[in-house]
Amino acid sequence: MSEEPAMVQPMLEGRGIDKSFGAFKVLKAVDLAVASGEAVGIVGPNGAGKTTLFGVLAGALLPTAGTVRFAGADLTGTGAAARCRSGIARTHQVPRPFLGMSVFENALTAAQFGAGLSGSAAEDCAAEALERTALLNHANRPAAALGLLDRKRLELARALATRPRVILLDEIGGGLTEAELGLLITLIGQLKADGLTIVWIEHILHALLKVIDRLVCMSAGAVIAEGGPDAVMADPEVRRAYLGGSL
Amino acid sequence: MTTYAVERWTRSGRVTVGAAAGVLLVLALLPTLATGLVIDKLTTLFIYILLAVMWNLLAGYAGLVSVGQQAFFGVGGYLALRLVDAGMTPYLALIVGAVGAGLVAIPISTFALRLKGGEFAIAMWVIAEVLRIVVMFDPLVQGETGTSLLALNAFDPDLRRNLTYWLGLGALALMLSATMWLLRSRIGAAAQAIRDDEEAAASIGIDVMRVKQIIFVLAAFGCALAGTIWLASAITFLPRTNFGVQWTVFMLFMVLVGGLKTFEGPIIGAIIFFLLQEVFGDLGVWYLTGLGVIAVGFALYLPDGLWGTWRQRTGIDLLSGGVMLKNPVTVKRAT
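Protein sequence lines, in the order shown, are assigned to chains A and B.
Our numbering applies: residue 1 is where the first sequence begins, and numbers increase by one.
Our numbering applies: residue 1001 is where the second sequence begins, and numbers increase by one.
Zero decoy hints are in this set.
A short, non-exhaustive set of chain A residues, derived as facing chain B with CB atoms under 10 angstroms:
| no. | residue |
| --- | --- |
| 1 | GLY79 |
| 2 | ALA81 |
| 3 | THR91 |
| 4 | PRO97 |
| 5 | ASN106 |
The calculated lysine-lysine pairs, modelled on DSBU-like cross-linking and capped at a C-alpha distance of 35 angstroms, are:
| no. | chain 1 | residue 1 | chain 2 | residue 2 |
| --- | --- | --- | --- | --- |
| 6 | A | LYS25 | B | LYS1116 |
| 7 | A | LYS28 | B | LYS1116 |
| 8 | A | LYS210 | A | LYS192 |
| 9 | A | LYS25 | A | LYS210 |
| 10 | A | LYS192 | B | LYS1326 |
| 11 | A | LYS28 | A | LYS192 |
Since the hints were made in silico from the structure, they are not lab data.
The beta-carbon is built from N, C-alpha and C at its ideal position, and this holds for glycine as well.
Given only the sequences and the hints, what does the whole structure look like? Please build it.
As structure tokens, this is what we get:
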């Protein structure tokens, strides 16, 4: 594996992350460092611990051991809400809209709490997030009325409305048609061009490869390879773990 | 930079608030016209509406289903008794007692709110029972025997009736306004987000515990106000009655029938409950059985309640609110 250029200070860093649920070790000494403005993809078979790692980075789960640092500060013990306010946003694998609210209210609440905005600043922030994600036409519809693509967009809009510095995307491309996926890739590419730091878990490799700078492969709770996407995908261990040795 | 326009009040919403203010004004003047019986009945109705609105704030808007709200109903009355015993003017004691019950709710919230769903519901019932037993240890209450707010007998009966009525009306107006203001504030939005998905709410920066605490304490204060007003109209304080679980059962019935998660529903539910009690209240056990059957019927066949169903069918929403982005496509303009 080629040596990465040393980062001055990673934007988001997990070091020696262990996470156990009872006797079951889901994460084993995982290290992940993401530089400011970088886009990192995470692949790995189901059960590799990818979503659990996101939970630890976003503060939804406390690690059993290890530290999480963000922009130089140790955030290991802080909860999800505080981490969001400090600039870490997350989308969920299965969209989790607030079903009793409208699309706009979903984004507005994120702007008010995650970004700490009020009044018309919050309203503009929410509307802009909807505009970016092509949801403006659905602004006043109940979130419960949205289909899968729009729910994924709302998940992203809500995360963007918190004005994040780093966004964790959990299989946001799953379950979409090729055309829908194309729109999503374009959007995420724009976010990267705007300087947003991105960590993206995805099974759809070709989507991931259009955006990311670096690829991390996880298997059975550990990082088994990381580096340039081509090098990682050529790694024999990755092929064995992830692609079942075929290809 | 683009600016967007939003609308927080619909026209029908503004008209309704104006009409409600008019109704309140008429009700405030009513003691000069109506008989004592009507004033007493309306005081009871105010208490029911207050209880229903508070339970809906808790369960409908914050997802906190409690079967122990009688805890605060009882504690408010008890504290008022204690304050009067210590020499405070009765009507001031009723208000301060309710505030005291709100304060009692703060330490309770720190552990009760760590529980979720059914565990929280049952824990609240247990807390209410424990508080009842603790209160019964106070010699002033005389255990099961209970006591009376005798200081109120010093007032002329008509004056007392009217003062209690005005206190009830004032408390109702205050809590309706506070609830409406809160639900339209960012705290209200956060509470609904927590109700819909607690983990997702935390992931967008909402301090879940804090928001739940605010709603919990406000609802406790509202239930305590209802409890002290009840004490003022009933005079007697019986731990088994004032801390009775039937209060929460009534709240549940009113909210379920009127419409959970709507502002108007609990008010309608309370009026229906009041009327049912007026007509069938003397039937005893059969009346309670009937209430149970109606509640089950609504839960099974009309889970959105009367107002919730009406709103779905007609699209007419008066007060439940929300924030509309105005003409999202055409209104936006560069500045």
